Amino acid sequence: MGRSLASPESVGALAARIGAEIRGDANTQIVSVASLTGASIGELSFFSDKKFASVLASTNASAVIAPAIAKLPERCVHLVHANPHQAFATLLAQLFPETADFNGATLSSEVLAKMGLNRVFIHNSSTVGAKSCIGEGTVIHAGVRIGNNVRIGADCVLYPNVVVRDGVVIGDRCIFQPGAVIGSDGFGFQPTASGWMKVPQVGTVIIGNDVEIGANTSIDRGAIEDTVIGDGVKIDNLVQIAHNVRIGEHTAIAGCAGVAGSAIIGKRCMIGGAARIIGHLEIADDVIVSGGTLVADSIREKGRYTGVFPTTSHRDWMRLAAGLRRSVRAARNTNQDGKDETVGTE
Amino acid sequence: MGRSLASPESVGALAARIGAEIRGDANTQIVSVASLTGASIGELSFFSDKKFASVLASTNASAVIAPAIAKLPERCVHLVHANPHQAFATLLAQLFPETADFNGATLSSEVLAKMGLNRVFIHNSSTVGAKSCIGEGTVIHAGVRIGNNVRIGADCVLYPNVVVRDGVVIGDRCIFQPGAVIGSDGFGFQPTASGWMKVPQVGTVIIGNDVEIGANTSIDRGAIEDTVIGDGVKIDNLVQIAHNVRIGEHTAIAGCAGVAGSAIIGKRCMIGGAARIIGHLEIADDVIVSGGTLVADSIREKGRYTGVFPTTSHRDWMRLAAGLRRSVRAARNTNQDGKDETVGTE
Amino acid sequence: MGRSLASPESVGALAARIGAEIRGDANTQIVSVASLTGASIGELSFFSDKKFASVLASTNASAVIAPAIAKLPERCVHLVHANPHQAFATLLAQLFPETADFNGATLSSEVLAKMGLNRVFIHNSSTVGAKSCIGEGTVIHAGVRIGNNVRIGADCVLYPNVVVRDGVVIGDRCIFQPGAVIGSDGFGFQPTASGWMKVPQVGTVIIGNDVEIGANTSIDRGAIEDTVIGDGVKIDNLVQIAHNVRIGEHTAIAGCAGVAGSAIIGKRCMIGGAARIIGHLEIADDVIVSGGTLVADSIREKGRYTGVFPTTSHRDWMRLAAGLRRSVRAARNTNQDGKDETVGTE
Chain A
35 MGRSLASPES VGALAARIGA EIRGDANTQI VSVASLTGAS IGELSFFSDK
85 KFASVLASTN ASAVIAPAIA KLPERCVHLV HANPHQAFAT LLAQLFPETA
135 DFNGATLSSE VLAKMGLNRV FIHNSSTVGA KSCIGEGTVI HAGVRIGNNV
185 RIGADCVLYP NVVVRDGVVI GDRCIFQPGA VIGSDGFGFQ PTASGWMKVP
235 QVGTVIIGND VEIGANTSID RGAIEDTVIG DGVKIDNLVQ IAHNVRIGEH
285 TAIAGCAGVA GSAIIGKRCM IGGAARIIGH LEIADDVIVS GGTLVADSIR
335 EKGRYTGVFP TTSHRDWMRL AAGLRRSVRA ARNTNQDGKD ETVGTE
Chain B
35 MGRSLASPES VGALAARIGA EIRGDANTQI VSVASLTGAS IGELSFFSDK
85 KFASVLASTN ASAVIAPAIA KLPERCVHLV HANPHQAFAT LLAQLFPETA
135 DFNGATLSSE VLAKMGLNRV FIHNSSTVGA KSCIGEGTVI HAGVRIGNNV
185 RIGADCVLYP NVVVRDGVVI GDRCIFQPGA VIGSDGFGFQ PTASGWMKVP
235 QVGTVIIGND VEIGANTSID RGAIEDTVIG DGVKIDNLVQ IAHNVRIGEH
285 TAIAGCAGVA GSAIIGKRCM IGGAARIIGH LEIADDVIVS GGTLVADSIR
335 EKGRYTGVFP TTSHRDWMRL AAGLRRSVRA ARNTNQDGKD ETVGTE
Chain C
35 MGRSLASPES VGALAARIGA EIRGDANTQI VSVASLTGAS IGELSFFSDK
85 KFASVLASTN ASAVIAPAIA KLPERCVHLV HANPHQAFAT LLAQLFPETA
135 DFNGATLSSE VLAKMGLNRV FIHNSSTVGA KSCIGEGTVI HAGVRIGNNV
185 RIGADCVLYP NVVVRDGVVI GDRCIFQPGA VIGSDGFGFQ PTASGWMKVP
235 QVGTVIIGND VEIGANTSID RGAIEDTVIG DGVKIDNLVQ IAHNVRIGEH
285 TAIAGCAGVA GSAIIGKRCM IGGAARIIGH LEIADDVIVS GGTLVADSIR
335 EKGRYTGVFP TTSHRDWMRL AAGLRRSVRA ARNTNQDGKD ETVGTE
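Protein chains in written order, with the numbering used here: chain A, 35 to 380; chain B, 35 to 380; chain C, 35 to 380.
Just so you know, the hints here were simulated from the structure itself, not pulled from any lab data. It should be emphasised that the depicted structure is a prediction, and the values quoted were computed from it without experimental measurement. Just so you know, not all the hints are guaranteed correct.
One copy or two, either will do: identical chains are not told apart, so a pair holds if it fits within one copy or between any two.
What the hints assert, rightly or not - Straight-line distance between alpha carbons at most 25 Å, and here's what the computed SDA-like set of lysine to any residue pairs gives:
| # | residue 1 | residue 2 |
| --- | --- | --- |
| 1 | 232 | 262 |
| 2 | 165 | 155 |
| 3 | 301 | 349 |
| 4 | 232 | 322 |
| 5 | 84 | 131 |
| 6 | 105 | 86 |
Kindly produce the complete structure, drawing on both the sequences and the hints.
Given below as structure tokens:
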């Protein structure tokens with residue numbers, strides 16, 4: 035379920051856009067782009083990280099951009115490129131150009147009234163982009179900015195200065211506190227010889243029913259697939275939800291927490307204030323993460339998890355920290371290797 | 035000093051709204067709602083946590099929603115309910131419905147000029163709700179959103195896109211950096227069989243004189259009583275102040291810090307950047323909390339407090355962390371209990 | 035390269051503003067103010083911290099506010115004041131008064147069109163202050179607030195509700211996600227007997243080319259000199275960049291990170307999510323700081339640095355923390371001094 039092209043293109047046409055050699059049928063039709071793990075028939079993806087070799091071997095994608103040496107399933111067309119992620123980013127920028135479609139297309143409360151949406155309350159300082167629709171009973175306070183092609187359900191409240199960017203989908207009875215940003219670009223950049231190259235973020239954000247989002251919290255749109263916030267999720271103020279994150283139903287996340295890209299959080303979890311969830315990991319259902327804890331590895335079993343340095347007087351802390359460092363110096367002398375003691379973080 | 039009802043109601047009428055049985059005089063008049071610790075004569079509160087049993091025993095509230103087995107003072111009317119917090123939340127939602135009163139009631143700079151407030155500067159892109167008043171010499175930059183019934187003192191500066199929600203009270207000579215949000219809902223939810231139930235946040239925010247609030251900082255309104263920021267307090271960017279927090283005069287809080295619900299911070303404290311204060315605790319006057327420290331217990335004496343893991347090369351850190359974990363495995367074998375070693379966090 | 039005065043003033047006139055005695059030539063002309071380390075001929079600075087005594091001894095400043103006992107170079111005029119920082123702040127407030135110059139001077143998209151800037155797209159809900167200029171091809175979405183004297187280059191995108199305060203300079207091809215704040219006041223206060231005195235923040239923010247700034251991120255203006263973000267820097271959501279920070283080219287900073295005042299970060303660094311960089315330190319080029327790590331000392335060599343408490347089950351964490359505390363109690367008995375074990379944090 036990646037992002038659909040405006041109209042289908044042949045693998046031949048796509049390969050020409052990025053200067054890739056084709057191994058397979060150049061007439062294969064591509065209807066959308068997707069990540070390798072999510073790709074299915076009719077979709078184009080890319081392969082650039084060896085740890086996904088087994089995913090590549092069994093992918094259903096119809097075409098994959100990959101280095102010459104990569105081994106693809108036989109039915110999958112191989113677009114040979116030395117730098118697949120960069121080539122994919124280039125392609126996304128061409129296929130999904132940013133548009134600034136706000137001249138003349140903005141809905142006002144008068145226009146909405148003409149459409150019969152009498153129970154939609156939109157403050158006259160707020161703006162709604164083209165082709166967006168808003169459900170009955172929803173209240174949009176002052177200074178709210180809603181982009182194009184947004185869908186917002188019934189009986190929601192958007193407090194002042196909330197921003198909802200293009201293409202975001204929101205369920206019923208959701209509440210957005212002031213300054214919340216939904217659908218900002220994910221933090222996706224590809225290193226090149228001349229610096230970071232932006233990877234267009236072509237996914238969106240899907241928010242279920244009965245969700246509350248706190249003040250000045252930001253939820254990034256997905257890189258290719260979508261960022262998904264389940265029904266009944268409650269997120270407090272100043273929380274960062276990165277691209278491709280999926281949060282299960284009825285999970286609550288307290289203020290100042292951060293969830294890095296592609297993390298998957300289960301149902302009914304409670305994430306404490308200022309907790310940090312590293313990217314590309316999974317947290318089971320019914321997990322409690324204590325405030326201030328940094329979760330660097332997947333958590334497979336429900337229960338409470340904690341990791342914060344105990345707070346003491348500054349003088350005692352100096353002793354604690356110095357003691358820890360002395361142990362390292364001692365360990366360094368007896369164990370020059372240390373490889374067996376790895377603990378992940380990022 | 036809880037929140038006043040629009041007009042007094044009898045205990046009988048209130049009990050009918052939530053299906054509670056009455057033990058005591060159903061004609062007792064209620065004029066406001068309050069938390070159990072703050073309640074006085076004429077007020078209604080609720081009791082749902084055993085640790086407040088002694089508070090209940092000596093409460094001055096005129097009526098309390100409580101389970102059948104709870105022991106109330108004799109003069110206090112008992113509204114019997116199996117789930118007092120949920121019943122109280124239901125009552126709040128009925129007594130203090132959210133209104134979207136912005137059709138036709140918004141003040142413009144022209145209206146203010148007619149009122150004789152010539153020294154109030156309001157950018158014409160900003161909006162001020164009904165029944166709000168703004169003191170002489172105050173400057174309101176572009177895109178500022180001020181709700182209804184807000185009071186702002188003299189000689190304040192509100193930079194662009196600041197949001198001040200309904201009912202907030204602000205003193206003189208305050209400065210609000212861009213994107214600051216004052217009066218967002220506190221993060222209050224009650225677990226039910228079908229998920230989290232929102233507890234209406236009916237308190238407000240009271241800000242003293244000479245306060246400065248940083249860019250994109252958020253200060254939540256109180257759940258029942260108010261969030262209070264004392265005179266001369268300085269708060270940096272991206273700081274989260276949760277509901278019911280009280281901050282003493284001339285305390286300074288650096289960027290990215292977070293203060294959880296109902297924490298009380300003394301006067302002249304200095305809270306370092308990214309420090310975290312857990313909820314429902316107290317910090318004495320003249321306390322310094324080092325940057326990055328998580329304060330999980332009350333601090334009763336002035337002084338400096340610290341708790342951060344010492345930073346080293348990643349290789350050395352792996353040794354430190356592995357060493358700590360080894361100690362735990364060793365301790366686990368000799369001490370199966372561990373109960374005497376508790377250290378609080380939340 | 036401090037901030038220029040509206041017109042040059044003599045040392046005599048400046049000294050009169052703050053009641054300082056003059057040692058040297060009262061007719062010396064001052065054209066700008068600067069920090070002691072950055073000051074050159076024609077500039078006025080102040081000296082209040084003994085650790086800068088050697089900087090004072092070799093300063094090129096033409097005049098310095100300093101206590102009577104301070105030793106200035108012979109050619110440097112001495113403005114004698116018991117409280118130099120407070121006197122300097124008073125002077126800044128007089129020399130650079132905050133103005134609310136938005137009546138009638140705001141550019142609209144119509145005005146810009148008349149200026150021939152047909153390829154500048156400005157949503158009609160956005161506002162641009164006086165004397166600001168915006169490059170060809172730049173897109174300004176809804177609700178964006180641009181102050182006076184701002185310069186924005188070509189082909190930038192400013193998403194909804196971004197705020198850019200007075201005097202900020204931005205290069206070409208920059209992208210600002212929604213709610214980002216550029217040029218908010220730095221957190222600068224001087225303690226006085228009656229509380230904190232605001233130190234006017236008279237520097238600005240200089241942003242290079244190809245920079246991306248995340249949603250609800252804030253970048254403070256410099257206190258005297260400027261905050262500088264190098265070419266190709268990428269900053270994620272909810273990041274705090276304090277006053278006077280300098281970030282080298284192509285450095286990337288992940289979400290929820292914070293960089294305190296006057297920190298200098300090298301080129302091509304990668305700062306992990308929720309990492310914290312303490313103020314007044316330097317980080318070399320090509321340094322990687324792991325997520326959640328607090329950097330309290332300068333890092334002189336490239337490499338990866340980490341410091342986070344390992345996360346475990348809550349029960350095991352209680353054992354770890356209690357064990358650490360026991361070590362301190364033991365250490366306290368054998369080592370009453372501890373002075374040799376200091377580890378900095380702030």
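Checked hints:
1. 232 / 262: both (22 Å within a copy, 21 Å between copies)
2. 165 / 155: The answer is both: 18 Å in one copy and 20 Å across copies each meet 25 Å.
3. 301 / 349: This pair counts as between: shortest inter-copy Cα distance 22 Å, intra-copy 42 Å.
4. 232 / 322: between (35 Å within a copy, 20 Å between copies)
5. 84 / 131: neither (30 Å within a copy, 56 Å between copies)
6. 105 / 86: Cα proximity of residue 105 and residue 86: one copy only (11 Å, versus 63 Å across).
Of the hints listed earlier, the one the structure fails to meet is number 5.
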